[in-house]
Structure formats: C-alpha cells, structure tokens
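Starting from the structure of chain E, add chain R where the hints point.
Chains E and R supply the protein sequences, listed in that same order. Going by this note's numbering, the first sequence opens with residue 1, and the numbers climb by one from there. Going by this note's numbering, the second sequence opens with residue 1001, and the numbers climb by one from there.
Calculated from the structure, these hints are not laboratory results. Be aware that one or more of the hints could be misleading.
Cut-off 27 Å, straight-line C-alpha distance, at most; resulting in silico cross-link-like pairs (BS3-like, lysine-lysine) [claimed, not checked]:
1. K1042/R / K11/E
2. K57/E / K17/E
3. K57/E / K1042/R
Chain R regions said to be covered by chain E (calculated; three or more residues, Cβ under 8 Å) [to be verified]:
4. 1042 to 1051
5. 1064 to 1077
Computed beta-carbon distance windows for the label pairs [what the hints assert, rightly or not]:
6. P1082/R / G40/E: 44 to 52 Å
7. S27/E / K1068/R: 32 to 40 Å
8. R1057/R / T78/E: 33 to 41 Å
9. S27/E / I1020/R: 18 to 26 Å
10. V74/E / Y1096/R: 17 to 25 Å
11. Y1096/R / R38/E: 21 to 29 Å
12. G40/E / H1072/R: 45 to 53 Å
13. K17/E / S1052/R: 38 to 46 Å
14. Y1096/R / E68/E: 16 to 24 Å
15. S9/E / G1083/R: 16 to 24 Å
16. E1015/R / T70/E: 41 to 49 Å
By construction, the Cβ of each residue, glycine as well, lies at the ideal position given by its N, Cα and C atoms.
Read off the chains here:
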Amino acid sequence: GAGVSQSPSNKVTEKGKDVELRCDPISGHTALYWYRQRLGQGLEFLIYFQGNSAPDKSGLPSDRFSAERTGESVSTLTIQRTQQEDSAVYLCASSMDGYGYTFGSGTRLTVV
Amino acid sequence: GESVGLHLPTLSVQEGDNSIINCAYSNSASDYFIWYKQESGKGPQFIIDIRSNMDKRQGQRVTVLLNKTVKHLSLQIAATQPGDSAVYFCAGDSSYKLIFGSGTRLLVRP
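Next up, chain E with everything else stripped away, as it sits in the complex:
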C-alpha cells in the first residue's frame, strides 16, 4: 500500500490478557520500528528491524513484550499478560535504510 498500515486501530483488553498488534510497512522499506506513546508524551523506542539482521530490542520495557518480522514484510508486536501501564498508542514506522521514516496511525491500546 501507499502508507504504513496498522491494525487494529483500537484495542480494549482486560488486564492479564495477551494482545497482538500488527504493522504492514511500506513495500520495499527495509527498516521497521515500533514506538510507544503514552498520553501527552513523546515517542518511546521499543524495537527496530533491519532486513534479516538481528533486531535491536533495547527499548522493550519488559520480557512481556516481544516482536517478530518476517523478512521485509509484516511485523507483529505481542504484549503478554497486559497491565494497565501498557495502555498507550503503539506506533509503527518504516524507512528505506534509516531515512524518511513514515509512521502509521497507530493502535490505541486500553487495558482495563
């Protein structure tokens, strides 16, 4: 597609449940990023994929968070045993070799 697509756009889940968020990057973009944005705050880096290299997971806040990407296509971010503090907008971005990042509209996650 023309842009970065994320689904679902909104997700409400009960505390303790697992959630899976999806990102479809721009075709041909080799790099893919996940960020978290809490209400009224900036973007917090979570994880970075570049081609077939090992991902940079340095931003993942706990072992409840994990992400996968198959080649240079779709990525999924999984949060296990969700907590209320996980409530945020999760944003995905893709880029061609680290320049011109394009963001999706995000998934708003609410843990109740």
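Just chain R, lined up with the frame of chain E:
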C-alpha cells in the same frame, strides 16, 4: 542518557505570524534530525529533515536550522495557519533509531 528535548511545552501564536519551535539534543554523534507534526488521533507526519553536514534546510513555509556547536535545532513556520495547530516533535538518530523529544503544542489564535 541520550535525550532530545524541547524548551517549551506550549507555544501560542497569532494566525499569520511566524512560529519558532526549539529543540535541544544531547547525542553529539547524531547526524540526522527530523521534525514531525502530530494531530490529535493521528500518527506523526514528516515535515522536514536535515543532516548534520547542513545548518539550514528550507521546505514549503518551513525552515529547519541546526547548530551543532550548541546541539540545538529549530523549526520555523512562516505565516502560521490554523491548520498548523498540532504537537511538533523533533527527533535525532542514534544507532539507526530515532530518539524523540516530548513535543511542543502549537496553538494558533485566529
């Protein structure tokens, strides 16, 4: 640690005036910076970028200035319009990922 931060959380300007949004960064190794605009309920939208071998870059109604000596960059918006009302973030690269500041909210008074 690394940070990219903003001097003012909210900037209010009169429609038609010029706006200047400032940003400081701490990582002297950053060589690429981007300004993003984020409207309510939407993802960040690319405005303009600049590489460290430049000190100024102009776009349509926007100019980014980079001062590497004091690790500061600014975004200038000419003839600010109501549609410019949003939160603006600066971001600098660090090890192939962007580090974002907390954002400045720009309010345009009619």
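Hint check results:
1. Proximity of K1042/R to K11/E is assessed by CA-CA distance (about 16 Å); at most 27 Å being required, the pair is judged to hold.
2. Between the alpha carbons of K57/E and K17/E the distance comes to roughly 22 Å, so the proposed pair stays at or under 27 Å and holds.
3. With a CA separation close to 25 Å, the supplied pair K57/E and K1042/R stays within the 27 Å bound.
4. Coverage of the segment 1042 to 1051 of chain R by chain E holds. Counting CB-CB distances below 8 Å, 6 residues qualify, and the rule asks for three or more.
5. With 0 residues having a beta carbon nearer than 8 Å to a beta carbon of chain E, the segment 1064 to 1077 of chain R misses the requirement of three or more and the stated coverage is violated.
6. Taken as a hint, the range 44 to 52 Å is violated for the pair P1082/R and G40/E, whose Cβ atoms sit roughly 22 Å apart.
7. For S27/E and K1068/R, the hinted distance range of 32 to 40 Å is satisfied, since their beta carbons lie about 35 Å from each other.
8. Range check, R1057/R to T78/E: Cβ separation about 39 Å, and the 33 to 41 Å hint holds.
9. Checked against the hint of 18 to 26 Å, the C-beta distance between S27/E and I1020/R comes to roughly 37 Å, which is inconsistent with it.
10. Judged by the Cβ atoms, the range 17 to 25 Å given for V74/E and Y1096/R holds: they are separated by roughly 20 Å.
11. For Y1096/R paired with R38/E, a C-beta distance near 24 Å keeps the hint of 21 to 29 Å intact.
12. Our hint of 45 to 53 Å for G40/E and H1072/R is violated, since their Cβ atoms are close to 24 Å apart.
13. In this structure the supplied range 38 to 46 Å holds for K17/E paired with S1052/R, their Cβ-Cβ distance being about 45 Å.
14. Taken as a hint, the range 16 to 24 Å holds for the pair Y1096/R and E68/E, whose Cβ atoms sit roughly 19 Å apart.
15. Judged by the Cβ atoms, the range 16 to 24 Å given for S9/E and G1083/R holds: they are separated by roughly 23 Å.
16. In this structure the hint that E1015/R and T70/E lie 41 to 49 Å apart at CB holds, the actual value being about 48 Å.
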